[in-house]
Amino acid sequence: MTDPLLVDLSRLQFALTAMYHFLFVPLTLGLSILVAMMETVYVMTRRKVWRDMTKFWGLLFGINFAIGVATGLTMEFQFGMNWAYYSHYVGDVFGAPLAIEGLMAFFLEATFVGLFFFGWDKLTALAHCVVTWLMALGTNFSALWILIANGWMQNPVGALFNPDTMRMEVTDFAAVIFNPVAQAKFVHTVSAGYVCGAVFVLGVSAFYILRGRHLELAKRSFAIAAAFGLASALSVVVLGDESGYAITDHQKMKLAAMEAMWHTEPAPAAFTAVGIPDLESRTTRYAVHIPWAMGLIGTRSLTTQIPGITELVEHAQGRIRNGLVAYDALERIKADRTNADARATFARTQQDLGYAQLLKPLIGDPLKATDADIERAAWSTVPHVPSIFFTFRAMVACGFLLIALFGAALWYTAREAGAPRWLFRAALLALPLPWIAIEFGWFVAEFGRQPWIIEGVLPTALATSELGIPSLLITIAGFTLVYGALAVVEVRLMLRAIAKGPETLAEDPAALFPGVGVTKDEARLAAAE
Amino acid sequence: MFAFLSDYETLRLTWWVLLGVLLIGFAVTDGFDLGVGALLPFVARIDVERRVAIHTVSATWEGNQVWLVLGGGAIFAAWPALYALSFSGFYLAMFLALLALILRPVAFKYRSKNESPAWRSGWDWALFVGGAVPALIFGVAVGNVLQGVPFHFTDDLRPIYGGTLLDLLNPLALLCGLLSVAMLVAHGAAWLTFKAEGPVAARARAVGVKAALATTALFALGGLLVWAGAFGGYRVVTQLSGDGPSNPLAKEVVTEAGAWLANFRAHPALALVPFIGTMAPLLAAAGFRAGREGLTLLASKLGIACIIATVGLAMFPVILPSSTHPGHALTVFDASSSLATLRNMLIATVVFLPLILAYTAWVYRVLRGKVSERDITAPGSPAY
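Chains as they are written, first to last, in full-length UniProt numbering: chain B, 1 to 529; chain F, 1 to 384.
Think of the hints as simulated: they come from the structure by calculation, not from any bench.
The model shown is predicted, which means the values in this text are computed figures rather than measured ones.
Where hints are given, some of them may not hold.
In silico DSSO-like cross-links for lysine-lysine, where the CA-CA straight-line distance does not exceed 27 Å [as the list claims (entries may be wrong)]:
1) K334(B) with K360(B)
2) K48(B) with K500(B)
3) K122(B) with K48(B)
4) K113(F) with K500(B)
5) K500(B) with K219(B)
6) K210(F) with K301(F)
7) K251(F) with K334(B)
8) K301(F) with K370(F)
9) K113(F) with K48(B)
10) K334(B) with K368(B)
11) K370(F) with K210(F)
12) K113(F) with K370(F)
13) K113(F) with K122(B)
14) K48(B) with K219(B)
15) K122(B) with K370(F)
Some, not all, of what chain B presents toward chain F, calculated at C-beta under 7 Å [to be verified]:
16) A70
17) E76
18) S87
19) G102
20) L103
21) F106
22) F107
23) T111
24) G114
25) L115
26) F117
27) E466
28) L467
29) L493
All C-beta atoms in this analysis are idealised placements derived from N, C-alpha and C, irrespective of residue type, glycine included.
Could you put together the complete structure from these sequences and hints?
This is the structure in structure tokens:
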């Protein structure tokens with residue numbers, strides 16, 4: 001049996017590296033689209049300020065992008081390094097979206113990002129703009145395939161366990177791609193990235209406006225970020241992740257944990273706005289309810305019931321008992337590959353095999369389980385309720401604050417009088433909010449998925465590599481050190497670049513001739529004059 | 001016409017070839033970026049020279065690196081057990097390679113953001129580490145794979161690895177590591193002579209000759225040692241079924257010195273591959289001397305492709321041999337993904353790979369031409 005400390009350290013390392021990587025990815029997602037939109041306006045109007053905007057925000061995009069790429073390498077390698085059994089167990093299904101991400105998205109993004117930075121004087125303005133869009137498209141495709149992979153961990157459709165290869169194998173790849181949980185996650189996550197990019201542009205522009213610097217550029221950037229941000233923030237909420245929460249048992253469990261809903265309530269359930277979930281008594285103290293709200297959010301209906309934690313645990317007990325039948329049949333198949341009876345039993349019960357595996361970390365051999373063990377295993381399907389409950393609320397609060405901010409920003413930019421100073425200050429103060437919301441959202445989705453690494457299929461506690469504790473301590477220390485140093489360097493460079501501000505190119509491209517820094521057709525134009 | 005899409009054996013062979021294509025793709029594209037990094041402190045001495053060297057790869061290294069990322073993803077998808085075992089088995093070595101590779105994107109981007117010499121020299125060394133260390137580690141890894149790696153599976157097919165970081169650093173593996181460094185340094189030098197002007201190109205030419213000759217010498221020495229049985233060798237005794245389930249526990253494998261030559265003995269024409277692997281670096285060395293930059297680069301690519309292909313051909317059908325439980329070795333016919341996944345992935349590859357090659361070629365065309373000091377120092381130059 002795997003050392004529980006090894007499992008905890010492996011999870012800690014994954015959380016550290018994934019959450020760190022995800023500080024940079026959302027900004028890349030948002031800024032790539034914003035920069036492409038700015039450049040499009042430039043190509044359409046040929047007004048220099050839009051090119052200055054493209055270059056300035058592009059510069060900040062580049063500083064952020066470099067670390068995103070660097071830390072993405074860790075993600076691609078880490079499944080094999082730290083989660084070897086997981087990689088064997090689900091590589092047949094989970095590996096494919098990662099590989100297709102490389103083929104379809106990352107090549108596109110990484111090939112054109114070089115041309116984005118170094119192709120200004122080698123391409124026409126239109127061609128350069130197309131390059132920028134291809135880069136942005138690659139970034140977004142990348143998110144799509146990663147979330148298809150992640151969505152499958154939450155809702156493992158289109159695959160069955162093969163007793164001859166002792167792993168999950170794909171049976172319906174289309175189901176994996178069009179997994180509703182993955183689609184909901186994609187829209188939610190990408191919109192959140194757009195919000196992140198918009199808040200960044202909004203906040204930095206507000207800084208310039210407050211200081212009275214680069215007003216022409218800052219005001220336009222502020223306006224475009226306000227509009228794009230509001231649309232994205234509404235999309236995050238309306239097309240929220242929770243639309244996928246009615247689908248599977250554990251997604252229901254996550255929903256119940258987010259709400260600290262210990263028991264099923266008659267539909268439509270109330271939403272617990274605040275309260276303190278208590279693990280001991282399995283109740284929520286000082287709860288303030290908003291009638292009907294939960295039922296509406298969770299099911300989009302007034303009549304569908306949302307199951308509570310206790311009821312879901314009872315249901316899990318049944319699945320564990322059924323899973324033990326599958327587990328026993330699998331042991332018989334391993335002993336005798338030709339045992340047709342065992343194969344038939346296994347085929348009938350295999351959807352619950354993962355539930356029997358919940359017993360392994362508790363007692364080693366699931367077939368020796370007593371009723372008490374099964375009850376304990378069933379309760380282990382409940383994620384840590386208070387942390388899910390609070391982080392979910394913090395995420396939602398950040399989201400609504402940002403909608404208010406974008407709404408006010410758009411309202412005032414549309415008016416002649418312009419926006420009041422408090423709004424710019426608020427925009428500056430709001431800078432950390434998207435990152436807080438995004439990291440908490442990641443936490444709710446992934447910590448809320450525990451004890452499963454693949455819902456209903458494989459418990460996290462069984463999925464690691466068989467590594468020594470010292471190895472893990474070395475790599476955790478190494479990643480912390482290097483990532484920490486990179487964060488310091490990154491933030492400093494970012495602040496320096498912002499303090500320095502955009503380099504406004506001369507209105508007369510001829511001043512810059514021969515060539516460098518102006519697009520090809522401008523240079524030609526200047527030469528003709 | 002598409003019958004091969006449902007033939008498991010053909011799909012497995014195709015993915016074995018594609019595994020080679022990916023590794024070769026990585027080595028011939030990102031390989032020169034690694035080589036340029038490893039050469040940076042030596043071929044470029046003052047800041048403007050270093051900027052010239054860096055600018056030869058600044059716009060394209062990122063796309064090249066995707067071969068590595070795709071390699072990781074595709075091995076995960078097509079050879080899950082190989083992905084699980086090699087990445088977790090070589091854990092600390094992989095970690096070191098990863099840290100070195102993490103420094104690279106950041107160093108490229110951040111070096112130019114501050115004029116202080118200490119800052120720039122710091123990032124130059126980061127680029128050196130980011131180039132030399134992965135080149136060494138990947139070679140050492142291949143050297144260990146050739147000798148067999150201490151691993152086995154439980155009856156749940158849980159992979160268990162029994163070696164340590166220090167075990168990896170044995171003399172034969174270090175020889176392969178040096179070969180890998182020499183090969184990629186020669187390749188980086190070939191790229192610099194092709195793409196840079198002035199003193200950087202001149203120094204690269206001088207280093208390139210030596211590195212190319214070292215590549216041939218080390219590869220030939222490795223070949224001799226394989227022939228003498230020093231690397232051992234593994235032979236699959238059981239007749240493997242092309243469409244059997246991917247379960248590596250159902251066969252027998254014996255250790256046999258010289259077994260890595262069996263394929264070349266059975267099919268003498270295959271010996272052409274190691275022959276070209278030996279001769280192409282010599283051609284590259286001659287190309288360096290004669291100032292034939294295009295030819296040098298081409299010869300270097302060909303050499304790398306044949307050297308990597310030689311390893312694959314020698315070991316076929318074995319992909320990852322086990323030194324402690326030879327029967328648990330991973331082979332082409334019992335370690336792949338399911339038929340459906342191999343097919344889906346092949347379709348994706350056939351659709352996207354030509355697109356990738358087309359737009360990558362277009363980007364190189366846009367960026368064609370040599371990099372000179374004038375390009376770097378021109379006002380408003382975007383160069384790092």
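For each hint, the structure was consulted:
{"no.": "1", "hint": "K334(B) with K360(B)", "result": "holds (18 Å)"}
{"no.": "2", "hint": "K48(B) with K500(B)", "result": "holds (19 Å)"}
{"no.": "3", "hint": "K122(B) with K48(B)", "result": "holds (18 Å)"}
{"no.": "4", "hint": "K113(F) with K500(B)", "result": "holds (12 Å)"}
{"no.": "5", "hint": "K500(B) with K219(B)", "result": "holds (17 Å)"}
{"no.": "6", "hint": "K210(F) with K301(F)", "result": "holds (17 Å)"}
{"no.": "7", "hint": "K251(F) with K334(B)", "result": "holds (16 Å)"}
{"no.": "8", "hint": "K301(F) with K370(F)", "result": "holds (19 Å)"}
{"no.": "9", "hint": "K113(F) with K48(B)", "result": "holds (24 Å)"}
{"no.": "10", "hint": "K334(B) with K368(B)", "result": "holds (18 Å)"}
{"no.": "11", "hint": "K370(F) with K210(F)", "result": "holds (23 Å)"}
{"no.": "12", "hint": "K113(F) with K370(F)", "result": "holds (24 Å)"}
{"no.": "13", "hint": "K113(F) with K122(B)", "result": "holds (23 Å)"}
{"no.": "14", "hint": "K48(B) with K219(B)", "result": "holds (15 Å)"}
{"no.": "15", "hint": "K122(B) with K370(F)", "result": "holds (14 Å)"}
{"no.": "16", "hint": "A70", "result": "holds (4 Å)"}
{"no.": "17", "hint": "E76", "result": "holds (4 Å)"}
{"no.": "18", "hint": "S87", "result": "holds (4 Å)"}
{"no.": "19", "hint": "G102", "result": "holds (3 Å)"}
{"no.": "20", "hint": "L103", "result": "holds (4 Å)"}
{"no.": "21", "hint": "F106", "result": "holds (5 Å)"}
{"no.": "22", "hint": "F107", "result": "holds (5 Å)"}
{"no.": "23", "hint": "T111", "result": "holds (4 Å)"}
{"no.": "24", "hint": "G114", "result": "holds (3 Å)"}
{"no.": "25", "hint": "L115", "result": "holds (6 Å)"}
{"no.": "26", "hint": "F117", "result": "holds (6 Å)"}
{"no.": "27", "hint": "E466", "result": "holds (5 Å)"}
{"no.": "28", "hint": "L467", "result": "holds (6 Å)"}
{"no.": "29", "hint": "L493", "result": "holds (5 Å)"}
Checked against the numbered hints listed earlier, the structure breaks none of them; every hint is satisfied.
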